[in-house]
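J.: So the chains spell out like this:
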Amino acid sequence: MNRLFIYIFLLIFISNLTFAQIDFFGSSNTIGGYGELHYNKTSTGNETTNVLDFHRFVIFYGHQWNEEWSFKAEVELEHNFVGEGQGELELEQAFVDYHYENWLGFQAGVILPSVGLINEFHEPPLFFGVERPEYHKSIIPTTWFGNGLSVYGNYADLDYKISVMEGLNADKISSNNGIRDARQKGYKSQADDLLYNARIDYLGINGLRVGVSYSYNNSTGEDINIPVSLYEGHLKYIRNNIYFVGEYGNISYGEGELESSAGYYFDLGYDFSELAGVSTKIIPFARYSNYNTASSTQAGGDSEKAFNKKQWMIGLNILPISEVVFKVDYNEIDVELTKEKTKYFNLGVGYMF
Amino acid sequence: MTLNKFAKIIFLILSISKLLLAGELTEKAKEIIIQNYSNSIEIITYKLNLDNSLKNKSEIFAQQRFFSNFVYYYEIKENNKIIGYAILDNVLGKVKPITYLVIFNDVLSVKSVNVVKYREQYGGAIENNDWLNQFNQKTISSEIELGKSIDGISGATISVKAMIKGVKRLLYLINNLGEDERDLLVSIE
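Here the protein sequences line up with chains C and Y, keeping their order. One point on numbering: in this note's numbering, the residue at position 61 of the first sequence is 61, and numbering is uninterrupted. In this note's numbering, each residue carries its 1-based index in the second sequence increased by 353.
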């Protein structure tokens, strides 16, 4: 019976592939990538540092065997150096993908959970500001990747993805970094408790993407397990030269001193290229952000103020073509408890292909 | 039920439904044309081998290469009178081709743009009708530019740009199909 099943399956499968080859399709390879060079001037009190950093260099490689089966990988070198605990070389994506129809696909390997606007779409021309929004470091730990599998699709103006992947390391959850250091990054990840992630977006109005996601993991540590649940909402609207981006996220921790992390940011920009009659996109923008990796603790009081940060930013993105961006921004971050103010002036150039 | 059995059944259902649905893209294109008009139309399908000169000019106009050396070309007739045309072609998305069909009315403005098959994880939202409807009524002399007459889709930038160029390419092609090129038409009925 088992053998018969396999024969039938193979027969259907092969005939399927033959059908799929009709109409234009052949196997091929794709190379892509992105990168960004940053200049960061940071001033706190009387101290100022100036840094030039090739922050990210990413090579993307894809191969498709036929219409349905493909492979994609993304390797990232951070800070142009690896060694002595500095810089990072990461395999951020590497998965086999089966695309059945537009409403249903499947992938397994090193995948990206679908959390917020930037984790899956993080190329420099796609966001405002030289550095990624602070919210996407403190609350959503972009780029968040790990070993696992996803089912995804697009149907009737809805775009959705469900992932099951490696969980978080409970020992590395902290008040100052939230879940950022708890990512296992695909390194021999322990799989005692898996992370479940689901996201749904609505795209039925031109220029709009709005959606929510929820992730749950009973994170595992040496002595303690911490149930972590993360919900977030995101909205991006680009129409009539207006850019509006907003995201809010909250993480609750079911055990330990830290009870929750939360934050949000809003961007508003306007593309002046049409008014100026030029093809180069010229987009000044403003951002306001508030994020706190220890927004609620058992101790309360000052411990909830120590990492409560408020940021405002103004800046400019200039895109001579849509794959190349020059950026400049000025921003200030205030810490509630210490009243410490840090000022940043950043320049950047980024590309994608 | 064991997981193993469950997985087998799912795969079997998927494979069979896939086989039934597969069909040919050209047939699906015809169905879309009928949906755009009515059952009373007659559709004649041709394989249009692209003449080098016309191919190059279309590519330069749209700033995008053709995916292959031919497209499928449809004449749409009602009561023996031509009421429209359609072209089935591919553009390359991020890594895979997007098969699309542009239907033109008899004065060669766009009647509708349709995604016949989309094959990538991201960007599937270009199948959204509101987005595709932005191309309707566009002609060879219309401004068809992202962010101006055509809004983008967040998360589908590459597909959006590919489709815009793809429509422009076919607008140029159909507006410049001369007698010589029409002689290259091979009916596949």
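Be aware that a few hints might be false.
Claimed, not checked - Derived pair list, reagent style DMTMM-like, types lysine to aspartate or glutamate, alpha-carbon separation capped at 20 Å:
#1 Y:Lys514 <-> C:Glu84
#2 Y:Lys514 <-> C:Glu274
#3 Y:Lys518 <-> C:Glu323
#4 Y:Lys501 <-> C:Asp271
#5 Y:Lys447 <-> C:Glu323
#6 Y:Lys501 <-> C:Glu68
#7 Y:Lys514 <-> C:Glu255
#8 Y:Lys381 <-> C:Glu68
#9 Y:Lys381 <-> C:Glu323
It should be emphasised that the hints constitute simulated quantities derived from the structure, not laboratory data.
J.: Compare the structure with each hint and give your call.
T.: Cross-check of the supplied hints:
For the hint linking Y:Lys514 to C:Glu84, the alpha-carbon distance of about 43 Å lies beyond 20 Å, and the restraint is violated. For a cut-off of 20 Å, the pair hint linking Y:Lys514 to C:Glu274 stands: about 18 Å separates their Cα positions. The suggested pairing of Y:Lys518 with C:Glu323 holds, with an alpha-carbon distance near 16 Å, which does not exceed 20 Å. For the hint linking Y:Lys501 to C:Asp271, the alpha-carbon distance of about 11 Å falls within 20 Å, and the restraint holds.
For the given pair, Y:Lys447 sits about 13 Å from C:Glu323 by alpha-carbon distance, which is consistent with the 20 Å threshold. Note on Y:Lys501 and C:Glu68: the hinted pairing is violated, with a Cα-Cα distance of about 34 Å set against a maximum of 20 Å. Simply put, Y:Lys514 and C:Glu255 have alpha-carbon atoms about 48 Å apart, too far for the 20 Å limit, and the pair is violated. Taking the CA atoms of Y:Lys381 and C:Glu68, the gap is about 18 Å. The hint holds against a cut of 20 Å.
For the hint pairing Y:Lys381 with C:Glu323, the CA-to-CA distance comes to about 34 Å; that exceeds 20 Å, so the pair is violated.
Figure legend: structure checked against the earlier numbered hints; hints not met, in rising order: 1, 6, 7, 9.
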